Each structure stands twice: as C-alpha cells, then as structure tokens.
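Chains as they are written, first to last, in the working numbering: chain A, 1 to 456; chain B, 457 to 683.
None of these hints come from the bench; they were simulated from the model.
Please read these numbers as outputs of a predicted model, since none were measured by experiment.
Glycine included, each C-beta is placed from N, C-alpha and C at the ideal position.
Treat the hints loosely; a few may be bogus.
Claimed, not checked - Across the chosen pairs, the derived CB separations fall in these ranges:
{"id": "1", "chain 1": "A", "residue 1": "E401", "chain 2": "B", "residue 2": "E562", "range": "37 to 47 Å"}
{"id": "2", "chain 1": "B", "residue 1": "Q525", "chain 2": "A", "residue 2": "S253", "range": "46 to 56 Å"}
{"id": "3", "chain 1": "A", "residue 1": "G445", "chain 2": "B", "residue 2": "T607", "range": "39 to 49 Å"}
{"id": "4", "chain 1": "B", "residue 1": "T607", "chain 2": "A", "residue 2": "V278", "range": "28 to 38 Å"}
{"id": "5", "chain 1": "A", "residue 1": "S328", "chain 2": "B", "residue 2": "N677", "range": "21 to 31 Å"}
{"id": "6", "chain 1": "A", "residue 1": "A279", "chain 2": "B", "residue 2": "V593", "range": "26 to 36 Å"}
{"id": "7", "chain 1": "B", "residue 1": "A479", "chain 2": "A", "residue 2": "V278", "range": "16 to 26 Å"}
{"id": "8", "chain 1": "A", "residue 1": "R246", "chain 2": "B", "residue 2": "Q525", "range": "44 to 54 Å"}
Unchecked claim - Below, computed lysine-lysine pairings styled on DSS-like, alpha-carbon distance capped at 27 Å:
{"id": "9", "chain 1": "B", "residue 1": "K565", "chain 2": "A", "residue 2": "K330"}
{"id": "10", "chain 1": "B", "residue 1": "K599", "chain 2": "B", "residue 2": "K565"}
{"id": "11", "chain 1": "A", "residue 1": "K364", "chain 2": "B", "residue 2": "K565"}
{"id": "12", "chain 1": "A", "residue 1": "K324", "chain 2": "B", "residue 2": "K521"}
{"id": "13", "chain 1": "B", "residue 1": "K589", "chain 2": "A", "residue 2": "K330"}
{"id": "14", "chain 1": "A", "residue 1": "K276", "chain 2": "B", "residue 2": "K565"}
{"id": "15", "chain 1": "B", "residue 1": "K599", "chain 2": "A", "residue 2": "K324"}
{"id": "16", "chain 1": "B", "residue 1": "K656", "chain 2": "A", "residue 2": "K330"}
Unchecked claim - A few chain A positions that, by computed beta-carbon distances, are all more than 12 Å from chain B:
{"id": "17", "residue": "S127"}
{"id": "18", "residue": "A194"}
{"id": "19", "residue": "E205"}
{"id": "20", "residue": "G209"}
{"id": "21", "residue": "E216"}
{"id": "22", "residue": "I258"}
{"id": "23", "residue": "A279"}
{"id": "24", "residue": "R318"}
{"id": "25", "residue": "N333"}
{"id": "26", "residue": "N357"}
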Amino acid sequence: MSINADQKKPFSLRFRLVVLAVLLLTISLGLVGLALDAAFHRSSEAGLKARMESFVYLVLAATEVNDDGVLVFAEEPGDPRLNQPGSGIYASLSGDRDRWTSASSLGINLPEPVQIQTGKTEFTTASDETGNYYTFRYGVSWELPQGQMLPVTVTIFVDPQELQPEFHAFRSGLWQSLALVGLILVLAQVILLALGLRPLRRISEDISGIESGRLERLEGSFPKELEPLQRNLNHLLDTEQANQSRYRNALDSLAHSIKTPLSVIRSSLPSDGTPKTVAMENAVADMQHLIATRLQRAATSARRSNAAAVDVKTQLERLVSSLKRVYSQKLINIDVMIEPDLAFYGEQRDFLELAGNLLDNACKYGDGQVRISAQKLDSKDSRVGIRLQVDDNGPGIAGDEREELLQRGVRGDERVEGHGLGLAIVLEIVSAYHGEITINQSELGGACLNVSLKTR
Amino acid sequence: MRILVVEDDSGLQTSLAEILREAGYAVDVSGDGIEGLFFGQEYPLDLAIIDLGLPGLPGLDVIRKLREQERQFPILILTARADWQDKVEGLEAGADDYLTKPFHPEELKARVGALLRRSAGHAQPLIELGPLKIDLVSQRVFKGEDEIELTTYEYKVFEYLLMHPDKVVTKSVLSEHIYEEDADRDSNVIEVFVGRLRRKIDPGGLMNPIETLRGRGYRLNKPSGPA
Numbered sequence: 001m002s003i004n005a006d007q008k009k010p011f012s013l014r015f016r017l018v019v020l021a022v023l024l025l026t027i028s029l030g031l032v033g034l035a036l037d038a039a040f041h042r043s044s045e046a047g048l049k050a051r052m053e054s055f056v057y058l059v060l061a062a063t064e065v066n067d068d069g070v071l072v073f074a075e076e077p078g079d080p081r082l083n084q085p086g087s088g089i090y091a092s093l094s095g096d097r098d099r100w101t102s103a104s105s106l107g108i109n110l111p112e113p114v115q116i117q118t119g120k121t122e123f124t125t126a127s128d129e130t131g132n133y134y135t136f137r138y139g140v141s142w143e144l145p146q147g148q149m150l151p152v153t154v155t156i157f158v159d160p161q162e163l164q165p166e167f168h169a170f171r172s173g174l175w176q177s178l179a180l181v182g183l184i185l186v187l188a189q190v191i192l193l194a195l196g197l198r199p200l201r202r203i204s205e206d207i208s209g210i211e212s213g214r215l216e217r218l219e220g221s222f223p224k225e226l227e228p229l230q231r232n233l234n235h236l237l238d239t240e241q242a243n244q245s246r247y248r249n250a251l252d253s254l255a256h257s258i259k260t261p262l263s264v265i266r267s268s269l270p271s272d273g274t275p276k277t278v279a280m281e282n283a284v285a286d287m288q289h290l291i292a293t294r295l296q297r298a299a300t301s302a303r304r305s306n307a308a309a310v311d312v313k314t315q316l317e318r319l320v321s322s323l324k325r326v327y328s329q330k331l332i333n334i335d336v337m338i339e340p341d342l343a344f345y346g347e348q349r350d351f352l353e354l355a356g357n358l359l360d361n362a363c364k365y366g367d368g369q370v371r372i373s374a375q376k377l378d379s380k381d382s383r384v385g386i387r388l389q390v391d392d393n394g395p396g397i398a399g400d401e402r403e404e405l406l407q408r409g410v411r412g413d414e415r416v417e418g419h420g421l422g423l424a425i426v427l428e429i430v431s432a433y434h435g436e437i438t439i440n441q442s443e444l445g446g447a448c449l450n451v452s453l454k455t456r
Numbered sequence: 457m458r459i460l461v462v463e464d465d466s467g468l469q470t471s472l473a474e475i476l477r478e479a480g481y482a483v484d485v486s487g488d489g490i491e492g493l494f495f496g497q498e499y500p501l502d503l504a505i506i507d508l509g510l511p512g513l514p515g516l517d518v519i520r521k522l523r524e525q526e527r528q529f530p531i532l533i534l535t536a537r538a539d540w541q542d543k544v545e546g547l548e549a550g551a552d553d554y555l556t557k558p559f560h561p562e563e564l565k566a567r568v569g570a571l572l573r574r575s576a577g578h579a580q581p582l583i584e585l586g587p588l589k590i591d592l593v594s595q596r597v598f599k600g601e602d603e604i605e606l607t608t609y610e611y612k613v614f615e616y617l618l619m620h621p622d623k624v625v626t627k628s629v630l631s632e633h634i635y636e637e638d639a640d641r642d643s644n645v646i647e648v649f650v651g652r653l654r655r656k657i658d659p660g661g662l663m664n665p666i667e668t669l670r671g672r673g674y675r676l677n678k679p680s681g682p683a
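Next comes chain B alone, as it looks inside the complex:
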C-alpha cells in the first residue's frame, strides 16, 4: 500500500513518514501543494494524507483538483484548524476523513488503515480467506489458532492482493504499490515474494488462493463466503 504525505513542516513530514513506513506502507512525501498535486496525479497511490495549510497550492485546492481528475484513492486531511467549518469544507472538496493536529500516532494508523479497508470494501479489519484469518490492524495472519510469520514485504504483497480481490494484479502494479517512487524495483523480486507467501499460507497447495495468470499477473480468488 502506497501513501503520499503532503506536509510542509519538515519535522512532521519526517515523523509521519517514519510512522507509516514502520506500519508497513510505502511512503512518498512532498512539502508543497504543487508538487503534492503532481505526485497525486502521477503516482499509483492507495491513499494521500494532505495538510490544509500548504505553500504553493492550498490543500483544499489540491484535493479538488485530484478529484476533478478522477483520482479516487482515499484522502485524509491533516489540519491544525479543528473548526467544523474547515472540516466540512475539506470533506466537501472530496476528502474522506480528517485528522486534527496534534494527533496520536495510533490514531493516524487507525484512520489510515480504516480508509484503506473502506476503499477496498472491507467493513471489518478482520478478513477471512478459507481457513486463513488476516487481521489488518495488527497485520497478523492466522491459520486456525496458529500464527503464520510473514516478512514485511510478503505481508505487503498479501495485503495488496487482499485489497483487490478477484482482480488481475500485474507484477509491476504490485511493485509500484509496495515500493516508494525512488526505490529500486525488480519484478523478479515480486515473484520471489509471491512464491514464499504461497508456501507459507498454503503449504500443501490445496487452496491455491493466489492464482498465477501467465504473462498477466496474479489474482486473489476469494473462496465462497464473506471476505
């Protein structure tokens, strides 16, 4: 999951990025509205966190322009102005939620997680996939009572596929969403992650939840029942 942070205060920008990276997201940062808008238009994002008081272009305008250009990823407003007037204006401009400064890191993570789940159509933070239970909040995967240990990148790949069930996800899309813009990407690495992930969640190869479509990518097939 890839997140854009547009925040002009460099201290806060750094700590936001740290918190989010720690939580397993790929994070792109920008310090002003114009650059932030450009990133929002160009990058394959899953979510954006936008401060309202931005140099260059006000946060509200960034949000409006993104929505005008059909960028549908969830947007979380970060604002020091806690007035409802400002919140309402922000939400009317197209944001999905707001977070007032000074926020609690846990609250930030909870809001981000909730927004990502919402946009994937999951109401609950707990997803069931056959015998598997995935807790999106604690980022843990269980098979029955046993926890399956996944590395950060294995989890990232799994999470992205879970958020886009029954859809073909190419290797390049996967790498775009789990890596930041300036990271070295190698689509072979994705194959390695998917291979390891399959062995861990489905050692016997009975369920085959992640289907490989040769030359096209991967598809997470939801078994019957609610996801």
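Just chain A, same shape as in the assembly:
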C-alpha cells in the first residue's frame, strides 16, 4: 500500500498517543509540583513560626526590667545566632521608652518597631511592608513595683534567606522526582501501546497475508473490540470471493454456450472448399481462438491464488497419463524430471493448463520423445515460483518463427496453426504470473520451451 505523496500522512496512533500523554503528564505533574511546593512553603513557614516563637521565649528569658522600667539584658541571649552579626535572625524588644535589638542586627536596618497588645501574637511573612523579613511579634507586659504595667513587644525578624536553602533543596528534589515519574509514565505508555496495539499489527500482517495469497480469511481470535472489524473484513472477502466465482462461472457458461452453436455452424458447413465456405470456416476459427484466449485471459486475471500448494509431481503425472491415453497410437515417451517435493503456490487450474498445453504441443509436434523438467525459481524460497522446461524431438521452431509466435500469442487476434492456440494460452498464463518464456533449440533435436512463473 502506498500513500499519495501530496496527501499529508496522518500521524501514527502511537505518535499521537505518546504526544498527548506527554502533554497531559507535563500539565498534571506541573500542577502537582506547584501544589506540593505551596504546601511545603506553608509547612516550612509554620515551622519557622514555631522556631521564632521559641526565640521569643529565649529573649524574654534573657530580659529583665529594673524597677525604673528599663530593659536589662543578659549577655548571653541563649542562642549564639542572636549575637552573631548578620546571622539572619534578629530580635528586638520595644517598650514605651526604650528599644533593644540583638547584637546580630548590628549594621542592619530593622523596620520601625510596632507595638501590639499584651498577650497577642502576630506573624507576618516576608513582604515590602515588613521590610522583607519574617516577623513574629509577641506582646507582653511587666508588672513594675509601683503596680504599673510595662507593655513590651518582642519581635523576631528572620531573613527570608534563612529559608532559601531549604526551599531550594526541596524544589530541586521535587522537580527531579516529578521528571523521573513523568519519564517512567511515558515509557510505561510506550510499552502499553506496543502491547495494546499488537492485535492491530497482527490484523495488518494477516491482511498482507491475504494479499499475497498466504491466507484466505482473517483467522484466529482477536480482542473483542476488533471482532467487528474481523467479521466485516471476512464478510467482505467472502463477498468478493463469491463475486469472483460468479464472474468465473459466467465466463465459463458464456464460453460453453458460444462454442456449441459454433460447433453447429462448423459441422453444417459443406466441405466443398469454395471461397465462401473457407471464409466461414476462417471466421469460426477466429471466434474459437478469441474465446480460447480472451476468456482465458479474463479467467486468469480473476485469479485468486490460495495458500494450498499444488504438488507438481502429482499434477504432472496426471497430465502424463492423460496424454499417454490420448496419444496411445503414437507411442510417446514422456520423461518427467522434477525436484522432490516441488510445489507450485498458484492455482492448480493454471498449472494444469500451462503444463498441459506445453506437453500437448510437444506430443503433437514431437516425434515420440518428450521431456519435462521443473524446479524452483529460488533454491532457498520455494514460494517464489517455479520454472518449467519442455523439450521434444520434433522439427522444432525456426529462429525467426520463435519471436513471431510469441508476438502472435500476445496479440491473440490472429489465427495461428500448430503451436499457436496452445501457446497463446500459455502466454496468457505466463504474463498473469509475471513470468518469462523463451523458445530454443532442444538437445533432443526439437523445440525447447522454457517458462517461469512467479507466485510472489
């Protein structure tokens, strides 16, 4: 089967399915990735919030307020990072009058302190408003000796950079594993397709088997989804076969019904040899030739080769014994030389017709000595075709007549004597099987006809 070059060939099913699967996987895995990323963000921020809360308690533990309401700090705030400048974690305490910031904030501009109500906490994520820090505020108050309450807000700032490595590690891990999952899914898809499309491939192999004549129908069981296709194809094949045999039968009965009146015409002609009679006789002979060659052509072109092999030896033996019967008054010796188990993968009718005509001519024009040999065209593959050679010891066919005979046979519209009619039929069959024919001088002294028939 060939696809018209102008017509754009539709993409293969496998290509379509793989491309669609890749697209779908990219989108869905991308969404999954984004969702996981966001969830991770939230959970790490929650973790951060908890850690910041503990920093609040650390700072509060290191804080004291003297009786004047002034904030006093321990040297060690409980976590070295609060003393290490630029560590990313900063603490600030702001009371009514004074403000304290941790040593880590040295040289860093922290946002202006914001006071919140006692007992309240406030967590904000990094944004411009918060000066790009995660902030956690906690409002406390100290009871002063005078019974006054000193509200103090503890604020922890965390540089977003603190979380970056974590995010980074998570993201790259996430996308790597998602890509791996995607790849595995695509590979699985390819394997699934190969397995799932296998019945389709089997159907296509079977169809080419039918084309080459190896199979008659789609046999075997196919998956449920393909059964209607199988059924319809088989139905189509059956219909086609029925049509062909009807066509053949019609041709056959046409030949039959024309030949009988022709016989009547011919047998009612007087044998006086007048020009009129001769013209009539020639016309009848022309019609006979046309029927034999043209109908033969139609019947061979309607050929449907089936898988059944024709056993060459058996068929040749049938022909030889038939011919010996017909030519029993002539004492003919027919030598058959064939390869053992030689088979012809075409129509038995065609084989019999071809070999029958070749042998009949050899018996008719030979002088009692006929030899037929047959072998495979290709010694390795017996399905390729066969070669037949028929020799006789008759007068043979002169060199310049050979070409003419083959030409006439091809035209099939001329009345030819002798080898003619049989040879015309032989030529029809040879050309139907894309074979070749040559006429030579035989070793036996007469004609040597060599034909090849291709069955593949």
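Position chain B against the provided structure of chain A, taking the given hints into account.
Frame of chain A; chain B shown alone:
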C-alpha cells in the same frame, strides 16, 4: 460400427448424427445424461461420444458409471471447456480422448476412426488382408492396384469383421452393430451382405477370408502376417 451420441444441444446432436451416418456409422442419440447412461448400458456399442455438460447426469458421471459397469467401448468426450483440468478429469474418469468445441467435422471423423481402430488393436489406418488393402480412413478396399467397389452396408459388415478378427461374430451381433436401435433388422439381409461381400473381395473363392460357421456365425481369418 455403432456409435452413441449424448449431446443436449439438439442442433449439434443432429449435425453430429448426420456427419457420423454419412461416414457409415450406425448412430444412436440421446439428449440427457440419464438416458445416455441407459443406452450405454443396454446397447451393443462400439463407441460413445459424450458431452460433459449434460442435463440429468453430468457427462463425467455417465462415463464413470459406464466404466464401473465394465463397458469397455472407447469414449470420446465432447466439451466446450477446453481446460486441461477438465480434460484430465474426463480422461481420469475413463474417457479415451477429448474433442473441444467448436470442432471440425473432419477432426471428429478422424478421432472416431482412430479410437475404433485403437480398440480393435490396429495402430495403422491401413489393414492388409492377403492381397487386400483396406483403408479405414477413406473406407476404400483395394486388391493390388484395383479398387473394389462396396456398398455402404457391405463395407460396414466387412469393417466390423475386420475389427474383430479371429472371433466368431453372430448374424445378430452384426446386425446390432450396423443398424441403429430403431431400425428394422432382418438377419437374412446379413447373409445377403456377406454373400455379396465374399463375391466382391474373393471372386475365385481362393482365400475364403470370411468363414461361415454353420449355426454360429462368421469368422474373419487373418492370413499370416501383420494385420
């Protein structure tokens, strides 16, 4: 020599019968397979011409059944289907030769003559009987260079005896084989034919090729040498 023609096309049946009668044969005709088979079983035939495409019973089956019942007369297939497949099947069924339509009358006569000679064991169409030469194709009899003129029935009797040499042939067998089924037969006529035949081929009564066996019939005695 008596021939059965089984052919369903009435035009062809008629012209076949005409050609064969003209050639000096007694001809019985039938238009379908069942009747043809019956004639083949019942009539003393020397040859049958059977068309393959017959109503009632296909020609191949007619041939097979005749052969199953040991009817050994030669059978010529007449067929429009010139395929070797069909020819081979016909010959395998028991036919001896085939003739494809449309045939030439001369070819038909030649095939029929050849088959009859073959079944009598004569390879050549020329038979020598002492000084006599009989040409079975042109149906002429010579003594030396001189032709002996025989009537149709005299020749028929002579031919039948020639085909069955050294065998006793009764008068009724002779009349069965030279007359068709519905002809008026009279065995005395046979005596007349044989008497005239003897006078013509052996006027001096020296050879006596046709011997009369009283109460039994006639026997053609072959002189020494090939027949």
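Going through the hints against the structure:
In this structure the hint that E401 (chain A) and E562 (chain B) lie 37 to 47 Å apart at CB is violated, the actual value being about 26 Å. The hint said 46 to 56 Å for the Cβ distance between Q525 (chain B) and S253 (chain A), and at roughly 31 Å that hint is violated. Roughly 48 Å separates the CB atoms of G445 (chain A) and T607 (chain B), a value that falls within the hinted 39 to 49 Å. Checking the proposed 28 to 38 Å range against T607 (chain B) and V278 (chain A) shows it holds: the Cβ atoms sit about 32 Å from each other.
Between S328 (chain A) and N677 (chain B) the Cβ separation comes to about 27 Å, which falls inside the hinted range of 21 to 31 Å. About 27 Å separates the C-beta atoms of A279 (chain A) and V593 (chain B), a value consistent with the hinted range of 26 to 36 Å. For the pair A479 (chain B) and V278 (chain A), the beta carbons lie near 22 Å from each other, so the given range of 16 to 26 Å is met. Remark: the range hint 44 to 54 Å for R246 (chain A) to Q525 (chain B) is contradicted by a beta-carbon distance near 37 Å.
Annotation: proposed proximity of K565 (chain B) to K330 (chain A) holds, straight-line Cα distance about 18 Å (limit 27 Å). Restraint check for K599 (chain B) and K565 (chain B): the C-alpha separation of about 25 Å stays at or below 27 Å, so the hint holds. For the suggested pair K364 (chain A) and K565 (chain B), the alpha carbons sit about 18 Å apart, so the restraint of at most 27 Å is met. Our distance criterion of 27 Å between C-alpha atoms is met by K324 (chain A) and K521 (chain B), whose separation comes to about 23 Å.
Between K589 (chain B) and K330 (chain A) the alpha-carbon distance is near 22 Å, which keeps this suggested pair within the 27 Å criterion. Under the criterion of a C-alpha separation no larger than 27 Å, the hint pairing K276 (chain A) with K565 (chain B) is consistent with the structure, at around 23 Å. Distance restraint check for K599 (chain B) and K324 (chain A): the Cα-Cα separation of roughly 35 Å exceeds the 27 Å cut-off, and the hinted pair is therefore not satisfied. A distance of roughly 34 Å separates the Cα atoms of K656 (chain B) and K330 (chain A); the hinted pair therefore is violated under the 27 Å criterion.
The non-interface label for S127 (chain A) is consistent with chain B: the shortest C-beta to C-beta separation is roughly 98 Å, beyond 12 Å. Even its closest Cβ contact with chain B, about 47 Å, leaves A194 (chain A) beyond 12 Å, as expected for a residue assigned away from the interface. No Cβ of chain B comes within 12 Å of the Cβ of E205 (chain A); the nearest lies about 33 Å off, and the non-interface call holds. The beta carbon of G209 (chain A) sits about 26 Å from the closest Cβ of chain B, which is more than 12 Å, so the claim that it is off the interface holds.
Distance check on E216 (chain A): its Cβ is at least 20 Å (rounded) from any Cβ of chain B, clearing the 12 Å threshold; non-interface status holds. Listed as a non-interface residue, I258 (chain A) fails to keep its Cβ farther than 12 Å from every Cβ of chain B; the least gap is roughly 8 Å. Consistency note on A279 (chain A): stated as away from chain B, and its beta-carbon is indeed over 12 Å from all of that chain's, at 15 Å minimum. The Cβ of R318 (chain A) does not lie farther than 12 Å from every Cβ of chain B; its closest approach is about 5 Å, which violates its non-interface assignment.
Distance check on N333 (chain A): its Cβ is at least 16 Å (rounded) from any Cβ of chain B, clearing the 12 Å threshold; non-interface status holds. At the 12 Å boundary, the C-beta of N357 (chain A) falls inside the reach of chain B, the nearest C-beta of that chain being 7 Å off.
Hint check: violations occur at hints 1, 2, 8, 15, 16, 22, 24, 26; the rest are consistent with the structure.
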